[in-house]
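When you get a sec, could you build the whole thing from the sequences and use the hints?
First to last, the sequence lines map onto chains A and B.
Read in the UniProt record's numbering, the first sequence has 256 at position 256, and its numbers run on one by one without any break.
Read in the UniProt record's numbering, the second sequence has 206 at position 206, and its numbers run on one by one without any break.
Hints are computed from structural coordinates only; laboratory data are not their basis.
Incorrect hints may appear among the rest.
Here are the simulated SDA-like pairs of lysine to any residue, each with C-alpha atoms no more than 25 Å apart in a straight line [to be verified]:
#1 B/LYS236 / A/ASP247
#2 A/LYS239 / B/PRO221
#3 B/LYS54 / A/PRO210
#4 A/LYS389 / A/SER341
#5 A/LYS48 / B/PRO207
#6 A/LYS290 / A/ARG336
Partial pick of chain B residues on the chain A-facing surface, computed with a CB cut under 8 Å [stated by the list, open to error]:
#7 ASP16
#8 ASN19
#9 ILE225
#10 LEU256
#11 ASP349
#12 GLY363
#13 ILE374
#14 SER401
Just a few of them, taken from the derived set where beta-carbon distance is under 8 Å, the chain B residues facing chain A [unchecked claim]:
#15 GLU15
#16 ASN209
#17 PRO221
Glycine included, every Cβ here is placed at the ideal spot set by N, Cα and C.
There are 2 protein chains.
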Amino acid sequence: MAVSNIRYGAGVTKEDLQNMGAKNVCLMTDKNLSQLPPIQIVMDSLVKNGINFKVYDNVRVEPTDRSFMDAIEFAKKGAFDAYVAVGGGSTMDTCKAANLYASSPHSDFLDYVNAPIGKGKPVSVPLKPLIAGTGSETTGVAIFDYEHLKVKTGIASRAIKPTLGLVDPLHTLHMPDRVVANSGFDVLCHALESYTALPYHLRSPCPSNPISRPAYQGSNPISDIWAVHALRIVAKYLKRAVRNPDDLEARSNMHLASAFAGIGFGNAGVHLCHGMSYPISGLVKTYKAKDYNVDHPLVPHGLSVVLTSPAVFTFTAQMAPERHLETAEILGADTRTARISDAGPVLADTLRKFLFDLDVDDGLSAIGYCKSDIPALVKGTLPQERVTKLAPRPQSEEDLSALFEASMKLY
Amino acid sequence: MAVSNIRYGAGVTKEDLQNMGAKNVCLMTDKNLSQLPPIQIVMDSLVKNGINFKVYDNVRVEPTDRSFMDAIEFAKKGAFDAYVAVGGGSTMDTCKAANLYASSPHSDFLDYVNAPIGKGKPVSVPLKPLIAGTGSETTGVAIFDYEHLKVKTGIASRAIKPTLGLVDPLHTLHMPDRVVANSGFDVLCHALESYTALPYHLRSPCPSNPISRPAYQGSNPISDIWAVHALRIVAKYLKRAVRNPDDLEARSNMHLASAFAGIGFGNAGVHLCHGMSYPISGLVKTYKAKDYNVDHPLVPHGLSVVLTSPAVFTFTAQMAPERHLETAEILGADTRTARISDAGPVLADTLRKFLFDLDVDDGLSAIGYCKSDIPALVKGTLPQERVTKLAPRPQSEEDLSALFEASMKLY
Numbered sequence: 001m002a003v004s005n006i007r008y009g010a011g012v013t014k015e016d017l018q019n020m021g022a023k024n025v026c027l028m029t030d031k032n033l034s035q036l037p038p039i040q041i042v043m044d045s046l047v048k049n050g051i052n053f054k055v056y057d058n059v060r061v062e063p064t065d066r067s068f069m070d071a072i073e074f075a076k077k078g079a080f081d082a083y084v085a086v087g088g089g090s091t092m093d094t095c096k097a098a099n100l101y102a103s104s105p106h107s108d109f110l111d112y113v114n115a116p117i118g119k120g121k122p123v124s125v126p127l128k129p130l131i132a133g134t135g136s137e138t139t140g141v142a143i144f145d146y147e148h149l150k151v152k153t154g155i156a157s158r159a160i161k162p163t164l165g166l167v168d169p170l171h172t173l174h175m176p177d178r179v180v181a182n183s184g185f186d187v188l189c190h191a192l193e194s195y196t197a198l199p200y201h202l203r204s205p206c207p208s209n210p211i212s213r214p215a216y217q218g219s220n221p222i223s224d225i226w227a228v229h230a231l232r233i234v235a236k237y238l239k240r241a242v243r244n245p246d247d248l249e250a251r252s253n254m255h256l257a258s259a260f261a262g263i264g265f266g267n268a269g270v271h272l273c274h275g276m277s278y279p280i281s282g283l284v285k286t287y288k289a290k291d292y293n294v295d296h297p298l299v300p301h302g303l304s305v306v307l308t309s310p311a312v313f314t315f316t317a318q319m320a321p322e323r324h325l326e327t328a329e330i331l332g333a334d335t336r337t338a339r340i341s342d343a344g345p346v347l348a349d350t351l352r353k354f355l356f357d358l359d360v361d362d363g364l365s366a367i368g369y370c371k372s373d374i375p376a377l378v379k380g381t382l383p384q385e386r387v388t389k390l391a392p393r394p395q396s397e398e399d400l401s402a403l404f405e406a407s408m409k410l411y
Numbered sequence: 001m002a003v004s005n006i007r008y009g010a011g012v013t014k015e016d017l018q019n020m021g022a023k024n025v026c027l028m029t030d031k032n033l034s035q036l037p038p039i040q041i042v043m044d045s046l047v048k049n050g051i052n053f054k055v056y057d058n059v060r061v062e063p064t065d066r067s068f069m070d071a072i073e074f075a076k077k078g079a080f081d082a083y084v085a086v087g088g089g090s091t092m093d094t095c096k097a098a099n100l101y102a103s104s105p106h107s108d109f110l111d112y113v114n115a116p117i118g119k120g121k122p123v124s125v126p127l128k129p130l131i132a133g134t135g136s137e138t139t140g141v142a143i144f145d146y147e148h149l150k151v152k153t154g155i156a157s158r159a160i161k162p163t164l165g166l167v168d169p170l171h172t173l174h175m176p177d178r179v180v181a182n183s184g185f186d187v188l189c190h191a192l193e194s195y196t197a198l199p200y201h202l203r204s205p206c207p208s209n210p211i212s213r214p215a216y217q218g219s220n221p222i223s224d225i226w227a228v229h230a231l232r233i234v235a236k237y238l239k240r241a242v243r244n245p246d247d248l249e250a251r252s253n254m255h256l257a258s259a260f261a262g263i264g265f266g267n268a269g270v271h272l273c274h275g276m277s278y279p280i281s282g283l284v285k286t287y288k289a290k291d292y293n294v295d296h297p298l299v300p301h302g303l304s305v306v307l308t309s310p311a312v313f314t315f316t317a318q319m320a321p322e323r324h325l326e327t328a329e330i331l332g333a334d335t336r337t338a339r340i341s342d343a344g345p346v347l348a349d350t351l352r353k354f355l356f357d358l359d360v361d362d363g364l365s366a367i368g369y370c371k372s373d374i375p376a377l378v379k380g381t382l383p384q385e386r387v388t389k390l391a392p393r394p395q396s397e398e399d400l401s402a403l404f405e406a407s408m409k410l411y
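Right under this line is the structure:
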């Protein structure tokens, strides 16, 4: 399996772009970040070195097909020969999609979108170099809200993986505490889900041609290493990183954990927390997350993922109890006297305490959902087969309803 | 940093080659392996699927510039559009070199050879796809004996890293016990050396252009994960893998450890054990290793590397005592009462016991060297700056003499 080319603690240089033969660069970011030092540093370097570039700062936090299309149009008009994405996952995913469709101008948007919503065609066109710093720099996945179906889906192909990922912890010093917390919860679930995902040799069907393998292949001996290591960092540093913006050690380690977990889940995949999170954020009514400066209702991705985690791992534990217990221990549970059959509840309680300590909203009800929304939430989860099929335990619609119901309140 | 694209437990398929657009494949192996099942399986698959290929089975175990040239000539004549290397490190390294020079036909052989012996030019030509299974599938390094200088040197560039690495544990069931042991010692030293190598941010000089960065960048947060994980596997499985050819669990895990350590040292680098090993194998007189069916005197690479390890880590410990003590503990030492200042001797004793348990020759004297050879061994080490400069502690010629002398006998 491949991981991105990662450089730690370094900014983009004119040489990186020149080595890629770049003469006309697309610099993507979002409105908030475009005012902050990280993007200034990149622009100054490009200007100083006389590299032509155009800035696209219209990235939507939690992108939609419409916001993807807008970026794709910009990319097609610009005829760029390289891309630099500075921001979080939303910017990176938007830039991956812009690069893909500008490199494949005659494709319909749905051609590369995951089945069953899109056609999920394999990518065979060559893409332009993409330098990404940072958020989803290690994966070949780009997620968006498909508005008229009101579901989140995405594009998943090794081909859209960034050429070079920059992991610069200084970028994280500008993140407000909820952004740090929610990003950390995403890392936590990336690690927990990829470590408990269906083992790669049990995934079916086995495509006859390796090019048809999904980007998400199931848990495997290599992704396991990244998942466990990222989880250890989350256990040690996430609370510190949230509580103290100046704790560079904690924020640096969480930034690395994000890249590490990304390498792991980028190959192994995620399952129910992510599959169920897409309707949770896609069907948002009026909830506006603290610390997110956006003009629309928003359930941040990390929050939408973590709220169901106690219910999800209680449900999946029976398939891999040792792994569930092991992760609970890494997260601080005293498992010396725990019975293997209690692995699920032990991990769930550990997660609830972890979330409570970090002032997380008390379940789906706290972000505006009630029992009558469950059918719609289930309906929005069903198309997420790409990930739900990677759950170690198959789930019926009734199972999904029960998981959403159990996630209405956490404490 | 990048790692190869690795597939675990799978053979090469016609689809892999067709996806790469291969119509004329070069299949490289060595004389011994060419008679064994792994190569038969690949050939049958190519024949069955009507893919044109030519076999080159003239790979030299411990390659030389001459044996590289011979393979390069074969590659140039064949005008291949893809390469498949089936064998150990020697086959893989030979295939990397053949692919490189056939793709850059007007280059002198020394153009890409490491400075100071060669010119160490960066590789800017596109190479053909190379599928490698297995031995050095994760690195961008190819090592050979430069005969008229009687030194080992190599070619190191991300550009020659295989396109796809196949890690198939079934291949290891055919390995005799000394081959398993020596390969394991190489893995052991890859892990120990990359974990104790100069940290990446202390490496100097810092090239102004990232393309000039050495393939070996010094220890870093990502390579550390691979080194420690590989070391744990070595501690748990190496003895079992050596002693029982049918222990598939042990041999599979050692095979994975080899890939894991390769990802780590392939980015971080190795230092003195490897730097000093090159003259040890290059200056071999009459020693012929048990279990190696070759027509020339041979000190297997893994043996040449491990024999100096007790002396080397005694010497380097003072620069990173915690890491030296940590690795000793992973290898089974009881470090509860050990003083940090004893980290070197503690690790050295642990290594000696490990080697003694595995019937390793008692030091350089047991493979034909005596005190009067030391000046030549030192002279052969000096050009290995690419790795010796990555040692955490700088070393004088006197230091190197002392290290060789201390390695004459182990027990």
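Do the hints match the structure? See the list:
1. For the given pair, B/LYS236 sits about 37 Å from A/ASP247 by alpha-carbon distance, which is inconsistent with the 25 Å threshold.
2. Distance check on the hinted pair: A/LYS239 and B/PRO221 sit about 21 Å apart at the alpha-carbon level, within 25 Å; holds.
3. Annotation: proposed proximity of B/LYS54 to A/PRO210 holds, straight-line Cα distance about 24 Å (limit 25 Å).
4. For a cut-off of 25 Å, the pair hint linking A/LYS389 to A/SER341 stands: about 24 Å separates their Cα positions.
5. Proposed proximity of A/LYS48 and B/PRO207 is supported: the alpha carbons are some 20 Å apart, at most 25 Å.
6. The hinted pair formed by A/LYS290 and A/ARG336 fails the criterion: a straight-line CA distance of about 38 Å is larger than 25 Å.
7. Because the closest C-beta pair between B/ASP16 and chain A is about 6 Å apart, less than 8 Å, the hint holds.
8. Taken as an interface hint, B/ASN19 checks out: its beta carbon lies about 5 Å from the nearest beta carbon of chain A, inside 8 Å.
9. A cut of 8 Å between beta carbons decides the hint on B/ILE225: the least distance to chain A is about 5 Å, and the hint holds.
10. Here the hint on B/LEU256 is kept, as its CB sits about 6 Å from the closest CB of chain A, short of 8 Å.
11. This hint is violated: B/ASP349 has a C-beta 29 Å from the nearest C-beta of chain A, more than the 8 Å allowed.
12. Taking 8 Å as the C-beta cut-off, the interface hint given for B/GLY363 is violated, the closest approach to chain A being about 35 Å.
13. Because the closest C-beta pair between B/ILE374 and chain A is about 40 Å apart, greater than 8 Å, the hint is violated.
14. Evaluation of the B/SER401 hint against chain A yields a violated restraint, the C-beta minimum of about 37 Å exceeding 8 Å.
15. Using the Cβ-Cβ criterion of 8 Å, the hint placing B/GLU15 at the interface with chain A is satisfied: the shortest such distance is roughly 4 Å.
16. For B/ASN209, the shortest C-beta to C-beta distance to chain A is roughly 4 Å, which falls under 8 Å, so the interface hint holds.
17. Interface restraint check: B/PRO221 against chain A, minimum CB-CB distance 6 Å, threshold 8 Å, status holds.
Checked against the numbered hints given earlier, the structure breaks hints 1, 6, 11, 12, 13 and 14 and satisfies all the rest.
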